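Starting from the given sequences, assemble the full structure and let the hints guide the process.
Chains as they are written, first to last, in my numbering: chain A, 184 to 485; chain B, 184 to 485.
Note that these hints are calculated values from the structure, not bench results. Do not rely on the hints blindly, as some may be mistaken.
A pair counts as met if it fits within one copy or between any two copies, since identical chains are not told apart.
[What the hints assert, rightly or not] As a list, the in silico SDA-like pairs of lysine to any residue whose alpha-carbon atoms are at most 25 Å apart:
| no. | residue 1 | residue 2 |
| --- | --- | --- |
| 1 | Lys316 | Leu406 |
| 2 | Lys368 | Pro412 |
| 3 | Lys368 | Gln203 |
| 4 | Lys368 | Pro405 |
| 5 | Lys290 | Val204 |
| 6 | Lys368 | Met479 |
| 7 | Lys440 | Leu374 |
| 8 | Lys198 | Gln317 |
| 9 | Lys368 | Tyr267 |
| 10 | Lys368 | Gln474 |
| 11 | Lys316 | Arg262 |
| 12 | Lys368 | Phe410 |
| 13 | Lys290 | Gly335 |
| 14 | Lys322 | Gly377 |
| 15 | Lys290 | Tyr473 |
| 16 | Lys198 | Ala320 |
| 17 | Lys337 | Ser309 |
| 18 | Lys440 | Glu483 |
| 19 | Lys290 | Ala436 |
| 20 | Lys379 | Pro405 |
| 21 | Lys440 | Glu334 |
| 22 | Lys368 | Glu478 |
| 23 | Lys368 | Leu406 |
| 24 | Lys337 | Thr279 |
| 25 | Lys316 | Leu253 |
| 26 | Lys379 | Glu407 |
| 27 | Lys290 | Ser309 |
All values reported here derive from a predicted model rather than from experimental measurement.
Number of protein chains: 2
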Amino acid sequence: MSLLVVGSVALDSVKTPFGQVDSVLGGSATYFATAASYFTDVKLVAVVGDDFPECHLEFMKGRGIDLSGLERSHGQTFRWRGEYGYQLNEAQTLETQLNVFQTFRPKLPPSYLNASYLFLANIDPSLQSEVLKQADAAKWVACDTMNFWIEGKKEALIQTIKGVDLLVINDGEARQLAEEHNLVKAAQRILSWGPKTLIIKRGEYGILMFHADTVFAAPAYPLETVFDPTGAGDTFAGGFMGYIAQQDRTDPATIRKAVIYGSVMASFNVEAFSLDGIRNLSRDAIGRRYQAFSEMTQFEPQ
Amino acid sequence: MSLLVVGSVALDSVKTPFGQVDSVLGGSATYFATAASYFTDVKLVAVVGDDFPECHLEFMKGRGIDLSGLERSHGQTFRWRGEYGYQLNEAQTLETQLNVFQTFRPKLPPSYLNASYLFLANIDPSLQSEVLKQADAAKWVACDTMNFWIEGKKEALIQTIKGVDLLVINDGEARQLAEEHNLVKAAQRILSWGPKTLIIKRGEYGILMFHADTVFAAPAYPLETVFDPTGAGDTFAGGFMGYIAQQDRTDPATIRKAVIYGSVMASFNVEAFSLDGIRNLSRDAIGRRYQAFSEMTQFEPQ
Numbered sequence: 184m185s186l187l188v189v190g191s192v193a194l195d196s197v198k199t200p201f202g203q204v205d206s207v208l209g210g211s212a213t214y215f216a217t218a219a220s221y222f223t224d225v226k227l228v229a230v231v232g233d234d235f236p237e238c239h240l241e242f243m244k245g246r247g248i249d250l251s252g253l254e255r256s257h258g259q260t261f262r263w264r265g266e267y268g269y270q271l272n273e274a275q276t277l278e279t280q281l282n283v284f285q286t287f288r289p290k291l292p293p294s295y296l297n298a299s300y301l302f303l304a305n306i307d308p309s310l311q312s313e314v315l316k317q318a319d320a321a322k323w324v325a326c327d328t329m330n331f332w333i334e335g336k337k338e339a340l341i342q343t344i345k346g347v348d349l350l351v352i353n354d355g356e357a358r359q360l361a362e363e364h365n366l367v368k369a370a371q372r373i374l375s376w377g378p379k380t381l382i383i384k385r386g387e388y389g390i391l392m393f394h395a396d397t398v399f400a401a402p403a404y405p406l407e408t409v410f411d412p413t414g415a416g417d418t419f420a421g422g423f424m425g426y427i428a429q430q431d432r433t434d435p436a437t438i439r440k441a442v443i444y445g446s447v448m449a450s451f452n453v454e455a456f457s458l459d460g461i462r463n464l465s466r467d468a469i470g471r472r473y474q475a476f477s478e479m480t481q482f483e484p485q
Numbered sequence: 184m185s186l187l188v189v190g191s192v193a194l195d196s197v198k199t200p201f202g203q204v205d206s207v208l209g210g211s212a213t214y215f216a217t218a219a220s221y222f223t224d225v226k227l228v229a230v231v232g233d234d235f236p237e238c239h240l241e242f243m244k245g246r247g248i249d250l251s252g253l254e255r256s257h258g259q260t261f262r263w264r265g266e267y268g269y270q271l272n273e274a275q276t277l278e279t280q281l282n283v284f285q286t287f288r289p290k291l292p293p294s295y296l297n298a299s300y301l302f303l304a305n306i307d308p309s310l311q312s313e314v315l316k317q318a319d320a321a322k323w324v325a326c327d328t329m330n331f332w333i334e335g336k337k338e339a340l341i342q343t344i345k346g347v348d349l350l351v352i353n354d355g356e357a358r359q360l361a362e363e364h365n366l367v368k369a370a371q372r373i374l375s376w377g378p379k380t381l382i383i384k385r386g387e388y389g390i391l392m393f394h395a396d397t398v399f400a401a402p403a404y405p406l407e408t409v410f411d412p413t414g415a416g417d418t419f420a421g422g423f424m425g426y427i428a429q430q431d432r433t434d435p436a437t438i439r440k441a442v443i444y445g446s447v448m449a450s451f452n453v454e455a456f457s458l459d460g461i462r463n464l465s466r467d468a469i470g471r472r473y474q475a476f477s478e479m480t481q482f483e484p485q
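This is the structure in structure tokens:
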């Protein structure tokens, strides 16, 4: 089934202890759509400026991503500049230029209106709600957010959250959003607002998923080379939602498998700058890493 | 098979956001021996002072712990005072009084010399080596340590590590010991010194175990009530080594199950102050939580 994502397409400049890159392809929708493209048809809604290199569009088209909903506006593309220390879990944002993203009002082209699965990447929660209203046919909706919106637009954000099936955020955001330090209690509070499922991303420590009365814990893949964690969360979400849309199922067993596929895609992503780790993966490589997750977590019953 | 532990028996004063206690039972050997006592016979080597309350000895004897190797010296018992913020992963030490522990030279009573399994809890690495020499019959030895010894007695510590089968430390200590931020590379370096197995404790994020060329990741149990994390690492080690000694096996499948039993015991421990969470558990309660770990981590093959 087809999967729709609304978010950012950006040009990133990133410095890590292992190197640096300038004005490379980035953005939440880009990472999401690329990861998801290994599993299902993806339709993207975002905006870029005059300066956005044609080669990036070619890359996304080459991965089968539908770009009918990608606006090109007059001005500069959204740009983000950040740096990571050896503690790679958290980026320090050095500069954010919203540029054409500042006046972006996502509008779904008619060909997008029948998408069954929807991911609202981290954008203004009011815009997320507008998209939700347009995407009538979506039968399963997930959204992401960030501390900026939790601090500045909490009411609008909670309205959005009430309308989605799944919220995907990191542990600090979950605590901040629920105003509760204990993660189990924070999860219970967030789930009481409406979503059936909450996925908490914990970077190098993996995923905790709360669903009905169950908890699922998945580790991150321990890597010898973590080069650049930018986009890991969106790549996780892309692998996750891509698998869900491919299977067209949202039962607990499928959701758990989707968490592992998301973790697999994120593990490839952090091994290189920009999207280089997930540009061209084989089905075999994805399958082998899924198998590695299985082996890494198995133990016998008591 | 019988299991020997050398470490501290202490009186702790602990403050957490949820309450505080003064001069309660604590110490690495105490937590370890109590957790292990649910699985096998435990022999303890440590020292206490004149002030050590008889009721604590009664408690340990009641759990079947052999105290023939517990010296009572003239002076005060080892005392530790610490505090935790809402970020419960790390204690702030407010005061350490070594007292009778300062001149402690562990000596194994004759009845201990045939113990098959040995745990060297966090004490001076030179003392750990001395114990290792005395415990001739031990066929599988694990040790713990801390940043204090990594900074102050690194050479002696590496000597100890060379002589053990398993090292159990936390992630910060592993990085500091190997002088390497990446945890996979840090693990490889530590394993190159001799131990076949390395267990890295990550507090609320669970365990990473490196063994030969495999990695095993186990989550911590997500709890609504984390009251006091003091002793969680030693309780983990106690459940782990207790199960190993009970089974008298150290094959990979048994070691993985032992990691889960260790995690189960640690999860009970943090639910209350001092040892109150593990004073009196039923086999059923332990079994149910092991089962909860299974359910929390299972996913289907691809």
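Hints, one by one, checked against the model:
With identical chains, the CA atoms of Lys316 and Leu406 are never at most 25 Å apart, being 41 Å at best within one copy and 37 Å at best between copies. Proximity of Lys368 to Pro412 under the C-alpha cut-off of 25 Å is restricted to the inter-copy arrangement: shortest distance 18 Å between copies versus 28 Å within a copy. In the homo-oligomer, the alpha carbons of Lys368 and Gln203 lie at most 25 Å apart only across protomers (22 Å), although the nearest pairing inside one protomer, at 39 Å, exceeds that limit. For the identical chains of this complex, Lys368 and Pro405 are inter-copy neighbours only, at 10 Å across copies versus 28 Å inside a copy, given an alpha-carbon limit of 25 Å.
Taking identical chains as interchangeable, the C-alpha atoms of Lys290 and Val204 are never at most 25 Å apart, the minima being 32 Å within one chain and 59 Å between chains. In this assembly of identical chains, Lys368 and Met479 lie within 25 Å of each other by CA distance solely across copies; the values are 17 Å between and 28 Å within a copy. In the homo-oligomer, the alpha carbons of Lys440 and Leu374 lie at most 25 Å apart inside one protomer (21 Å), although the nearest pairing across protomers, at 32 Å, exceeds that limit. When the C-alpha separation of Lys198 and Gln317 is checked against a cutoff of 25 Å, the pair qualifies neither within a copy, at 38 Å, nor between copies, at 52 Å.
Taking the closest pair of Cα atoms, Lys368 and Tyr267 come within 25 Å of each other only across two copies (19 Å); inside a single copy the shortest separation is 30 Å, beyond that limit. Proximity of Lys368 and Gln474 under a CA criterion of 25 Å is satisfied inter-copy only: 22 Å between copies versus 32 Å inside one chain copy. When the C-alpha separation of Lys316 and Arg262 is checked against a cutoff of 25 Å, the pair qualifies neither within a copy, at 28 Å, nor between copies, at 62 Å. For a Cα distance limit of 25 Å, the shortest separation of Lys368 from Phe410 across copies, 14 Å, qualifies, whereas the shortest one inside one copy, 34 Å, does not.
Taking identical chains as interchangeable, the C-alpha atoms of Lys290 and Gly335 lie at most 25 Å apart only when both belong to the same chain, with a minimum of 24 Å there against 63 Å between chains. Taking identical chains as interchangeable, the C-alpha atoms of Lys322 and Gly377 lie at most 25 Å apart only when both belong to the same chain, with a minimum of 15 Å there against 55 Å between chains. Proximity of Lys290 and Tyr473 under a CA criterion of 25 Å is satisfied in neither setting, with 36 Å inside one chain copy and 50 Å between copies. In this homomeric assembly, Lys198 and Ala320 never come within 25 Å of each other (Cα to Cα): the closest approach is 41 Å inside a single copy and 53 Å across copies.
For a Cα distance limit of 25 Å, the shortest separation of Lys337 from Ser309 inside one copy, 10 Å, qualifies, whereas the shortest one across copies, 56 Å, does not. When the C-alpha separation of Lys440 and Glu483 is checked against a cutoff of 25 Å, the pair qualifies both within a copy, at 19 Å, and between copies, at 7 Å. In this assembly of identical chains, the alpha carbons of Lys290 and Ala436 never lie at most 25 Å apart, being 34 Å within a copy and 54 Å across copies at closest. Taking CA atoms no more than 25 Å apart as the test, Lys379 paired with Pro405 passes between copies only; the shortest distance there is 18 Å, against 29 Å inside one copy.
Taking the shortest Cα distances, Lys440 and Glu334 never come within 25 Å of each other, neither inside one copy (33 Å) nor across copies (43 Å). For the identical chains of this complex, Lys368 and Glu478 are inter-copy neighbours only, at 20 Å across copies versus 31 Å inside a copy, given an alpha-carbon limit of 25 Å. For the identical chains of this complex, Lys368 and Leu406 are inter-copy neighbours only, at 9 Å across copies versus 31 Å inside a copy, given an alpha-carbon limit of 25 Å. Within a single copy, Lys337 and Thr279 get their C-alpha atoms as close as 21 Å, which meets the 25 Å cut-off; across copies the closest is 45 Å, which misses it.
For a Cα distance limit of 25 Å, the shortest separation of Lys316 from Leu253 inside one copy, 19 Å, qualifies, whereas the shortest one across copies, 71 Å, does not. Taking identical chains as interchangeable, the C-alpha atoms of Lys379 and Glu407 lie at most 25 Å apart only when they sit on different chains, with a minimum of 19 Å there against 35 Å within one chain. Proximity of Lys290 to Ser309 under the C-alpha cut-off of 25 Å is restricted to the intra-copy arrangement: shortest distance 13 Å within a copy versus 70 Å between copies.
Hints 1, 5, 8, 11, 15, 16, 19, 21, counting from the list given before, are not met by this structure.
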